[in-house]
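Q: Each chain, written out:
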Amino acid sequence: MSRPRRLRAAEPRQGVAAIEVEGSRWRESCRRELGDGARFCGAYASGDRLARRWSALFADGPSTRVLTTRVDRDQLPTIVDLVAAAQWDEREAHDLHGLRFEGHEPLRALVDHTVDTAAWTTPVEGRGVHQVAVGPVHAGVIESGHFRFHVVGERILHLDTRLFYKHRGLERAAEGRELPDGLRFAQRACGACAVTNAVAYAQACESVLGLLPTRELRRARTLLLELERLYNHLNDIGAACAGIGFASGNMAFAALKERAMRLNKELAGHRFLFGSAEVGASRLVLASQLAGRTRGQLRELRQDAAQVWREVRFSGSVQARLGGVGVLDRDSAARLGAVGPAARASGLEQDTRSDSPGLWYGSSFAAAGPEARTGDVSARLQVRASELESTFEVLDDLLSAPIAADIASPSGPKAPIGVARVESPRGETVCVLEHDLFRLRRLHLRTGSYANWPALAEASARNLLPDFPLINKSFELCYACVDR
Amino acid sequence: MFVLLRHLQRVRREAALPPRRGARSLAIRHVDAGSCNACEHELTATAAPQYDLQRFGLDIVASPRHADVLLVTGPVTTRMEGALLAAYEAMPEPRRVAALGDCALGCGVLGAAAELAGPLDRLLPVDIRIPGCPPTPQEIADAILDAIPASQSPGSP
Ligand code: SF4
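Residue numbers (my numbering), protein chains in the order written: chain A, 1 to 484; chain B, 1 to 157.
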């Protein structure tokens, strides 16, 4: 799979443009971005009470435009009517930074847990409608979060999720630190996306420091990212098997995942690859012998995974449990800004790996899709299975030559604000950082899971309550990196 | 299905797990009090064929009322403090508390002080400490198995 590199971006990194916008032109400017085909990919508040600022990010191929406006008296117009995907961002900014968004009515609490239930749930009324509350502590080994289902009988009419039980204030804890030191906070936001978060942070940091990743750096990071995707996808397919009580499928995938974890440990010294990505450098060394041996191990793993997947794919009773459950249609996926395997299962083609000049994906890299873009549990599983194939391809290609330690080259221009977008196993993760004399002034992390929670709630409506755990597992979103 | 079972049999053979010791059991209730989720991954992995902790009579149970051990991950956020204490209150005596991972033990990258109520031993008596970030499934298995004799009482099933 040695393909020519993509030549779209002149530099081996994503482009960033920071644009100041007058408060009165905020909506118009955002509307223009969206009209030009750019995709909303996050918004965040910065500054303090005296000089509050609000920024929205729009992705356009491998570049990102950051629109920023000054906020007067903590109030500014909403954009949720223009782009529904901004809903959680505005709700979070209200709860954590006190911003009010005119026209965002009602502005329901998201992070604030001190309010009454009525302040964060959607009123659903009618004959026989009642609420079922679940969590924050769940029955299995599951992260903490609270769900409020509005149901009639067993049918879910609407789901309100309340996360942020795990809010540790990691972004705030990172502020004031020297830029390279902030990476550990981004990484610890989430164990299962640790590499993605660390690479996104490193790339954002390098763009403000004027560092360009070398060939070796790009190869090493791509290898780490795909190793992360590998164990996650194996885990997530297994989890969906558990969701339908298919124990042998669950156990077979658990065993495959364990093999991938042991490989991680052997290659990078940590089962979750913690500490393997850093700012401006890469310490990963794979001499040709180790690379060759790993390649062999991965080929065996690939064969076994394909064999086990075939058993899941062609078992009639398994498929009967997966089809038509938890449907997220294409329009809803696009409207809610879904990303990653969930978006691709619904027919959207977005995959940030195609827009990552700072990494090492071939120019013909294409997002994998399911056989049918039905947007149900079955399609989300299929996307992961076909992505496993491309992950094995990329890994095999990268391991065809040794990987050496290297440092970034200090020849790039310094961006005013650091932004990086990296495709995690759950979708695009966006990392933004602003600094004062190379100390973090603001760190913002919007992970693939954050983008997808509203889509999960939408996909759950109209389904049976007992199917929710399965639908939940088919998205397999993290709570940790949403809550931060 | 046949292929799948044969595959699992092979995995099992290759894992060559040591025989189980004694016939005892321990019911564990897990509470995530603000982890990064890697500790949960490793806890779940103890059920994978390569470890198969269940064969020692160890089970993750659905309710704290059924549990002998409360296994806690994360630095204990202020927002999880209430639910954590409620879970502990619901447990029958004798009960044990285990801190899983460095976060629960109060070290490592934790977060902003204002958001944290932990570490765990500030809130509950910690009997079992499992350090690591995250501890490996084997380390988790060993720590819990070591705790079995101590947590058995004549009255427990
Ligand atoms: S101890 Fe480490 S692995 Fe466990 S929750 Fe904390 S940061 Fe994550």
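Note that these hints are calculated values from the structure, not bench results. Owing to the predicted nature of the structure, the values given are computational and were not obtained by experimental measurement. Among the hints, erroneous ones may be present.
Between beta-carbon pairs, the in silico distance windows are [unchecked claim]:
1) B:Gln9 with A:Pro413: 55 to 63 Å
2) B:Ala15 with A:Arg299: 17 to 25 Å
3) A:Glu125 with B:Leu85: 32 to 40 Å
4) A:Ala306 with B:Asp146: 34 to 42 Å
5) A:Ala18 with B:Ala62: 20 to 28 Å
6) A:Val285 with B:Pro92: 35 to 43 Å
7) A:Pro413 with B:Ala15: 17 to 25 Å
8) B:Ala62 with A:Asp181: 39 to 47 Å
The C-beta atom is built at its ideal place from N, Cα and C for all residues, glycine as well.
Q: Now look at each hint and say whether the structure bears it out.
A: Checked hints:
| no. | hint | in the structure |
| --- | --- | --- |
| 1 | B:Gln9 with A:Pro413: 55 to 63 Å | holds, 59 Å |
| 2 | B:Ala15 with A:Arg299: 17 to 25 Å | holds, 21 Å |
| 3 | A:Glu125 with B:Leu85: 32 to 40 Å | holds, 34 Å |
| 4 | A:Ala306 with B:Asp146: 34 to 42 Å | holds, 39 Å |
| 5 | A:Ala18 with B:Ala62: 20 to 28 Å | violated, 50 Å |
| 6 | A:Val285 with B:Pro92: 35 to 43 Å | violated, 53 Å |
| 7 | A:Pro413 with B:Ala15: 17 to 25 Å | violated, 53 Å |
| 8 | B:Ala62 with A:Asp181: 39 to 47 Å | holds, 41 Å |
Of the hints listed earlier, those the structure fails to meet are numbers 5, 6 and 7, in rising order.
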